[in-house]
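Student: The residues making up each chain are set out below.
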Amino acid sequence: MTVTETPVIASALLTNEVGLHARPAVKLTQLAKSFAATVELALEPDGPWVDAKSPVRIMRVKAAKGTLLHFRASGSDADAAVGALVDLVARGFDEDAGEGADHA
Amino acid sequence: MPEVRHRGRPAAPGFAAGPVIALATAMVVRRAGGDPAAEAAALRAAMSTAAAELAALAAGAADDAAGILGFQIALLEDDALSAPAFAAIANGAPADVAWRDALDEEIAGYRSAEDETFRARAADLCDLRERVLTQLIGGTAGAAVATPIALGSIVAAGDLPPSRFLAIDWRAGGAVLLSEGSRNSHVAMLARARGVPMIVGLGIDPCRLAGEALVDATGGELVLDPAPATRAAFEARRRSHEIGAAAAASRAGEPAVTADGVAVAVQINVAGPDELASLSPAICDGIGLVRTEFLFAGEGLPDEETQYRVYRRLTEWASGKPVTIRTLDAGGDKPIAGLTAVGESNPFLGVRGIRLSLARPEIFAVQLRALARAACHGALRIMLPMVTVPEELEAARALLDTTVAALKAAGVPATRPPIGIMVEVPAAALAIERFDAAFFSIGSNDLTQYVTAAGRDIAAVADLANPLNPAVLRLIRMVAEHGRACGREVSLCGDAGGDPEAVGALLAAGLRSLSVAPAALAATKAAIGQIDLGRRAGSAAGKGR
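Quick mapping for you: the protein sequence lines, in order, are chains A and B. Using this note's numbering, the letters of the first sequence map in sequence onto residues -3 to 100. Using this note's numbering, the letters of the second sequence map in sequence onto residues 3 to 547.
The hints are simulated quantities; they were obtained by calculation from the structure and are not laboratory data. This structure is a prediction, so every number in the text was calculated from the model and none was measured. Check the hints yourself; a few may be wrong.
As the list claims (entries may be wrong) - Chain A stretches covered by chain B per the calculated footprint, using a threshold of three residues with CB under 8 Å from any CB of chain B:
id: 1; region: 16 to 28
id: 2; region: 50 to 59
As the list claims (entries may be wrong) - Far from chain B, by Cβ distances over 12 Å, these chain A residues were calculated:
id: 3; residue: Thr2
id: 4; residue: Ala32
id: 5; residue: Ala38
id: 6; residue: Pro44
id: 7; residue: Val46
id: 8; residue: Asp47
id: 9; residue: Ser70
id: 10; residue: Ser72
id: 11; residue: Asp73
id: 12; residue: Ala76
id: 13; residue: Ala86
Ideal Cβ positions, reconstructed from N, Cα and C, are used throughout, including at glycine.
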């Protein structure tokens, strides 16, 4: 990956009840790690950006339900990475409704 | 030994009886530090052993537990977590100090979160911190942490890490008592999923809990060294809970209707927005009582903005359903340092509730301003506690009117919410027609203690403080009839409303609205469904009442 190329950017609305933490954060970072691209996340379109492969940093963001999550990726598979992450958020992290969703 | 009662917040419903075991908190043992390279290696080894332990636990765990442990593993494997610790070690700090400081910093970040669910994740970080520290310190300290837990024990602790909870065998029963804790913590979710009764927020040092205990985690009450009568009443409640729990849970989302088709509104009592995190407004008809005392539990008095944010959150949660917020009900058994009177010979008959608010208008006005602003966001209603004479209602109303006018003049969005009263002083119940309130809510706990002259906090007269005493029921009937005659809502928000044994008598007295603890909601609705008011009225007439 090179820093000169234009990063891929997209955003998705966080709809699951308990926000981005614990199990959703683990799912998101695991997915991000499956790509070679650097993948970052932010609450505002102009950052600050945090490493989307770090569950510790993702948890620090404390994104609540209703937050618009911005993704930015650079690298060979940046397109696929951003697409997959946006899709994961849009699917509500495949969490079931009810208390099961906040188990982790 | 006389019995002792403690109250906390129900976090996982259920009942348990047995001996209490207080968990020793991890011993603070310092290890002898080596050079930075050796310390870094020690921390790395401790972390990798901790990760292996967690992986082994997760492999044998159910889905929910595996998810929680997986979250801890993911954090532990993330360099971002340990980076500050390794930096400190490079600067000469011993491994245990460096790790503890780094995790404490991270934990502080979680605890400062606005969202209760995020705050509750701090317990997972504490769990990780202790697991790695146990490895670092090793040997003796590790053994001290792992107190063996007998089957069926009632475990008391400050807070309980999820992995610690999972290491205990709960198949033979037992319960968890936490002096701190949150019902949104992972350990509370695990307890609910496994049917282990849990009370949180007891606020007492777990080491002071000892002896034989009755745990009513449905109502949030703990009794130590119970008297035989208390034990008998507890067993009866436990039985009816067990019978009703399964049937009730399946109907919790449906509106409450008696067996003969009379609709009853069932609202919930809450002591703060945290309790709502895992609840949907669809399960109830609104919030019948918000106890605002929790706002005043910290250091200093809460400012207008803090109060406004909380009231707004509660109101928005209800999505248009009524939210009845009680103004500060301090005094009596709820003293607040620097606010309530000290040294009253009988605080229950002293400056409490609205009496205190009117005596301290500068503090009351802040609460009214916050309420009037939050009222723009939903169906907020104000309820005054301990009203004795109509002049108190009128004085509060005048202050509210002035407050709303001042807000509007300053261009601050505000709405004047309806203002109602608690009916808990016999003088108010007996002359209810003198009070021009928008609604009435019977505070059955205080009404019962004032009518029966039997203190709520005195175990020896607990049998006398019976909300089903005919004198109490007669007052409830009078208030209900007045409400029906003048078209004002009458509800009840005391513990009696959530007692399946009492619900029939309350409905027979004319009540059609109850407000109960969230944990009692399903059982209350189920109890309502069993009641045939037509038949009850017939049998009451037959008795020549």
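Student: Hints first: check each against the structure and report whether it holds.
Tutor: The hints, checked one at a time:
1. 16 to 28: Since 7 is at least three, the answer is holds.
2. 50 to 59: Satisfied; 7 residues make the cut.
3. Thr2: Non-interface label on threonine 2 of chain A holds, nearest chain B Cβ at 27 Å vs cutoff 12 Å.
4. Ala32: Consistent with the label, alanine 32 of chain A stays out of reach of chain B, its closest Cβ about 18 Å off (over 12 Å).
5. Ala38: holds, 16 Å
6. Pro44: holds, 15 Å
7. Val46: violated, 9 Å
8. Asp47: violated, 8 Å
9. Ser70: holds, 20 Å
10. Ser72: holds, 23 Å
11. Asp73: Non-interface label stands for aspartate 73 of chain A: nearest chain B Cβ at 22 Å, farther than 12 Å.
12. Ala76: Alanine 76 of chain A is indeed farther than 12 Å from all Cβ atoms of chain B, at 22 Å.
13. Ala86: holds, 21 Å
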